[in-house]
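J.: These protein sequence lines are chains A, B, C and D, in that order.
Just so we're aligned, residue 1 is where the first sequence starts under UniProt numbering, counting upward by one.
Just so we're aligned, residue 1 is where the second sequence starts under UniProt numbering, counting upward by one.
Just so we're aligned, residue 1 is where the third sequence starts under UniProt numbering, counting upward by one.
Just so we're aligned, residue 1 is where the fourth sequence starts under UniProt numbering, counting upward by one.
Hints in this document: simulated from the structure, not taken from any laboratory.
Please note that the accuracy of each hint is not assured.
Copies of the same chain look alike in the list, so a pair counts if it fits in one copy or across any two.
Within a straight-line C-alpha distance of at most 20 Å, the following computed SDA-like cross-link-like pairs (lysine to any residue) qualify [to be verified]:
| # | residue 1 | residue 2 |
| --- | --- | --- |
| 1 | K61 | E10 |
| 2 | K7 | E160 |
| 3 | K42 | R221 |
| 4 | K61 | L143 |
| 5 | K7 | S109 |
| 6 | K45 | D91 |
There are 4 protein chains.
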Amino acid sequence: MDDIHLKLFEKPQLRDPIFIEGLPGVGNVGKLAAEHLIDQLKAVKFAEIISKYFPPQVLVKDDGLIKLVSNEFYYVKRPDNSNDIIFLVGDYQGISPEGQYLLSDRVLSFISEFGVRRIFTLGGYGIGKMIEKPRVLGAATDLELVEEMKALGVVFSKGEPGSGIVGASGLLLGLGMNYGMRSVCLMGETSGYLADPRAAEAVLNVLVKVVEVKIDYEALRHKAQQIDQLTARIRDLETQQGAEPGSERREDLGYIG
Amino acid sequence: MDDIHLKLFEKPQLRDPIFIEGLPGVGNVGKLAAEHLIDQLKAVKFAEIISKYFPPQVLVKDDGLIKLVSNEFYYVKRPDNSNDIIFLVGDYQGISPEGQYLLSDRVLSFISEFGVRRIFTLGGYGIGKMIEKPRVLGAATDLELVEEMKALGVVFSKGEPGSGIVGASGLLLGLGMNYGMRSVCLMGETSGYLADPRAAEAVLNVLVKVVEVKIDYEALRHKAQQIDQLTARIRDLETQQGAEPGSERREDLGYIG
Amino acid sequence: MDDIHLKLFEKPQLRDPIFIEGLPGVGNVGKLAAEHLIDQLKAVKFAEIISKYFPPQVLVKDDGLIKLVSNEFYYVKRPDNSNDIIFLVGDYQGISPEGQYLLSDRVLSFISEFGVRRIFTLGGYGIGKMIEKPRVLGAATDLELVEEMKALGVVFSKGEPGSGIVGASGLLLGLGMNYGMRSVCLMGETSGYLADPRAAEAVLNVLVKVVEVKIDYEALRHKAQQIDQLTARIRDLETQQGAEPGSERREDLGYIG
Amino acid sequence: MDDIHLKLFEKPQLRDPIFIEGLPGVGNVGKLAAEHLIDQLKAVKFAEIISKYFPPQVLVKDDGLIKLVSNEFYYVKRPDNSNDIIFLVGDYQGISPEGQYLLSDRVLSFISEFGVRRIFTLGGYGIGKMIEKPRVLGAATDLELVEEMKALGVVFSKGEPGSGIVGASGLLLGLGMNYGMRSVCLMGETSGYLADPRAAEAVLNVLVKVVEVKIDYEALRHKAQQIDQLTARIRDLETQQGAEPGSERREDLGYIG
Numbered sequence: 001m002d003d004i005h006l007k008l009f010e011k012p013q014l015r016d017p018i019f020i021e022g023l024p025g026v027g028n029v030g031k032l033a034a035e036h037l038i039d040q041l042k043a044v045k046f047a048e049i050i051s052k053y054f055p056p057q058v059l060v061k062d063d064g065l066i067k068l069v070s071n072e073f074y075y076v077k078r079p080d081n082s083n084d085i086i087f088l089v090g091d092y093q094g095i096s097p098e099g100q101y102l103l104s105d106r107v108l109s110f111i112s113e114f115g116v117r118r119i120f121t122l123g124g125y126g127i128g129k130m131i132e133k134p135r136v137l138g139a140a141t142d143l144e145l146v147e148e149m150k151a152l153g154v155v156f157s158k159g160e161p162g163s164g165i166v167g168a169s170g171l172l173l174g175l176g177m178n179y180g181m182r183s184v185c186l187m188g189e190t191s192g193y194l195a196d197p198r199a200a201e202a203v204l205n206v207l208v209k210v211v212e213v214k215i216d217y218e219a220l221r222h223k224a225q226q227i228d229q230l231t232a233r234i235r236d237l238e239t240q241q242g243a244e245p246g247s248e249r250r251e252d253l254g255y256i257g
Numbered sequence: 001m002d003d004i005h006l007k008l009f010e011k012p013q014l015r016d017p018i019f020i021e022g023l024p025g026v027g028n029v030g031k032l033a034a035e036h037l038i039d040q041l042k043a044v045k046f047a048e049i050i051s052k053y054f055p056p057q058v059l060v061k062d063d064g065l066i067k068l069v070s071n072e073f074y075y076v077k078r079p080d081n082s083n084d085i086i087f088l089v090g091d092y093q094g095i096s097p098e099g100q101y102l103l104s105d106r107v108l109s110f111i112s113e114f115g116v117r118r119i120f121t122l123g124g125y126g127i128g129k130m131i132e133k134p135r136v137l138g139a140a141t142d143l144e145l146v147e148e149m150k151a152l153g154v155v156f157s158k159g160e161p162g163s164g165i166v167g168a169s170g171l172l173l174g175l176g177m178n179y180g181m182r183s184v185c186l187m188g189e190t191s192g193y194l195a196d197p198r199a200a201e202a203v204l205n206v207l208v209k210v211v212e213v214k215i216d217y218e219a220l221r222h223k224a225q226q227i228d229q230l231t232a233r234i235r236d237l238e239t240q241q242g243a244e245p246g247s248e249r250r251e252d253l254g255y256i257g
Numbered sequence: 001m002d003d004i005h006l007k008l009f010e011k012p013q014l015r016d017p018i019f020i021e022g023l024p025g026v027g028n029v030g031k032l033a034a035e036h037l038i039d040q041l042k043a044v045k046f047a048e049i050i051s052k053y054f055p056p057q058v059l060v061k062d063d064g065l066i067k068l069v070s071n072e073f074y075y076v077k078r079p080d081n082s083n084d085i086i087f088l089v090g091d092y093q094g095i096s097p098e099g100q101y102l103l104s105d106r107v108l109s110f111i112s113e114f115g116v117r118r119i120f121t122l123g124g125y126g127i128g129k130m131i132e133k134p135r136v137l138g139a140a141t142d143l144e145l146v147e148e149m150k151a152l153g154v155v156f157s158k159g160e161p162g163s164g165i166v167g168a169s170g171l172l173l174g175l176g177m178n179y180g181m182r183s184v185c186l187m188g189e190t191s192g193y194l195a196d197p198r199a200a201e202a203v204l205n206v207l208v209k210v211v212e213v214k215i216d217y218e219a220l221r222h223k224a225q226q227i228d229q230l231t232a233r234i235r236d237l238e239t240q241q242g243a244e245p246g247s248e249r250r251e252d253l254g255y256i257g
Numbered sequence: 001m002d003d004i005h006l007k008l009f010e011k012p013q014l015r016d017p018i019f020i021e022g023l024p025g026v027g028n029v030g031k032l033a034a035e036h037l038i039d040q041l042k043a044v045k046f047a048e049i050i051s052k053y054f055p056p057q058v059l060v061k062d063d064g065l066i067k068l069v070s071n072e073f074y075y076v077k078r079p080d081n082s083n084d085i086i087f088l089v090g091d092y093q094g095i096s097p098e099g100q101y102l103l104s105d106r107v108l109s110f111i112s113e114f115g116v117r118r119i120f121t122l123g124g125y126g127i128g129k130m131i132e133k134p135r136v137l138g139a140a141t142d143l144e145l146v147e148e149m150k151a152l153g154v155v156f157s158k159g160e161p162g163s164g165i166v167g168a169s170g171l172l173l174g175l176g177m178n179y180g181m182r183s184v185c186l187m188g189e190t191s192g193y194l195a196d197p198r199a200a201e202a203v204l205n206v207l208v209k210v211v212e213v214k215i216d217y218e219a220l221r222h223k224a225q226q227i228d229q230l231t232a233r234i235r236d237l238e239t240q241q242g243a244e245p246g247s248e249r250r251e252d253l254g255y256i257g
């Protein structure tokens, strides 16, 4: 078994593809955004990664079938004069620092075969409190991209995020420079407590302008409402019982993402 | 020293062998079940694994002899028209995520040499409270197997187990698909606090129908009674002393498995 | 991707260079001292290391550009009859024990190519309380160096540091002996709670005598004043509110370094 | 840098050497015993191991010189008809499970070059309370050795040690079987709180009968008295102040070993 095993189901011919990453992370913002875009654009799965750097487990689906933890690549072909897109989504990120580096580098070497020169990584920026109108923060590999993103309303704020960008959303940018790729990380502001479809929508609002697609946000908004209802119900229960918000409940909410 | 060192004591000729895994885990259900079946079928040890992925220790047996931590393979030859069986039991699972993946993959490549096409992994499903009649939950690699198991009373319940199947019982299923093996995980419901021979019996009740053997549950029931007595004694002590159940006591009970 | 990837931007010709390490550590003393010296001597960056042994993240700079976590080499050429100098500074040390060893050894094999025979590693010696006049403690690879350092006011005190020297500042000395390098570790006494420019100045006071340079301490003293002001402000707040010093505030202070 | 780097200073010709291991562990019993025997027999250091599996640090000696963390081999040649002896002592054991396995295996392959067929590993058996007359517990690789040790007063007690033998003292026995080596682990009973020279003496009392040497216990008894005095002083202080025994103090005591 390879340390990182990449299975290729199909080798699509792609025109100047943009790469979009949305792996699990703070508020699952990146994952929610990327998966929503995959659904909307009817992107096609064409490769997957399994690895000893992922958690040693299988997931059990509703029909009783198991699924090995993986990261998955999708592509979508676009009309003339547009870039095709490659997506990366998945169940988990690598769980060791070394695994994070090696997985990100493997992803980059794989997408470089398709001629990727532009990367968008999507994530959440946890601020520890509920927020009405989430900003989208940015970080990039060159100043031209910073300006491009500012023009689309992305906030570049000194000292935010103070601790840098941890995990794949950061490493793909940093290591991608070795592959000559120009990259942007878009981070939707989120409490970080719950899966946050509203932060995902904020991120997508920016991204759709760059990749020039039109999408429908209904499914994402429906998820947001479900979470609102759950949050409200829990608050009611807590008010009645005078209880503290239980960590278990928060986890339950997290699964909606 | 190889990272994973497999010692082969004998190379048996096996007819279409089924593979049954019962390594330590929640409630030691899988281990209790597989070891009981090995005893009942007088299976023969034919290989063992030692590895740097196991805890760095030796066990001391009652006669003062030491035993390196290992995983062990047993086989049993069966009458005409039945599948032979290979068992995997052991002292520990791998203790790092990477070790878990590499050990499971090594096991699969080894058993594939004997022509294994069907796997049953046995485990516990911890529910955090004592239970009278443990259900047996299932997960499988294809829908046909799901139906077969349902017909034998195995429960496939949406959202159970919610967190997936961690460790060898999960990975052997997931990675086994790469070897063309069809697999089922059987999980006996258990509190998870103690070694649970009753959950092991529930799992065996299903398994014996699949592999078509008759076994005697006396030894397993005797263990269950021992644990009941210990539990009762501890409850008495706690009632007398008004004490909380000590974690040490629970550990003591665990050793019965 | 190499486990440790060293990028060489320029290969300077250096005359009998001394190597000075100042990576992050207790009170960031070594990092503050080495970076100050780099500024003062206008040293030039000529190589950097990225590695899977560093934390898996990028830093975001004030202009919104990202920077992969790295360690960086600088050199400075000096007038006749003086040793040239190579510096090592960086964002982080290796985060696993194995990474620490392998990174230190890689650094040593790299600097040996330039003919380094003398090493100074700079660090802090945390004593857990504020201190007015920090001593500079020493450790070395031979007794002649011990005597040389004593003559410059460095304290060699039996039992200090009791636990040895952890990380790059220690390993470069120990592993450097395999490369025939003679080394000294200089440790400035520090509370260890905050970035400590005063301890850095104390260390530099010794170091400048060895490498025979004249430097200006203004920038370092300015940093010290900033930290004093912050500390004072926090004390005031605590007095007003009767609050305990928050761990967050301490972290904030740490960022000044 | 090799993962495990063994430096050989001298290659002695040894007659049927016995191998004795005394690395740090519970109560530092094995280390105290082996180092005392090395002193008494004037054994000669002939090899050492440095490794990325050790803690990434150097120790600072009283003269200000540093010493890389290592494990060290000593030998002693003995009069006619006696076995020569190889000792292994050191600053630390491997700090990861994998390191433990790989270091033990490297030690075994090294000593096998000298024809070692018999191993004694020395350790402590922590029982969590002070003890007047420590027993010496044993574990071995064959029943003949068990009987030999019983005849020398070693206790083989069902269920002790219940959790097996962790670390080098266990692995050298278990992995040594692959090298055809017959081995005994001798464990001196100890509270485990402090370095315990009395438990070390108990272990040596057995060992000297096997290797047929006469030694003087004065230095070891002196250490025991020092620890008694420190313990007494601390008890006095605690009585005066009504204080709990501080963990720091215990650590201080540990350094005497």
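J.: Hint by hint, note whether the structure agrees.
T.: Hint-by-hint comparison with the structure:
no., hint, verdict
1, K61 / E10, "neither (24 Å within a copy, 39 Å between copies)"
2, K7 / E160, "neither (37 Å within a copy, 28 Å between copies)"
3, K42 / R221, "within (19 Å within a copy, 55 Å between copies)"
4, K61 / L143, "between (44 Å within a copy, 11 Å between copies)"
5, K7 / S109, "both (14 Å within a copy, 18 Å between copies)"
6, K45 / D91, "within (14 Å within a copy, 38 Å between copies)"
Of the numbered hints listed earlier, those contradicted by the structure are 1, 2.
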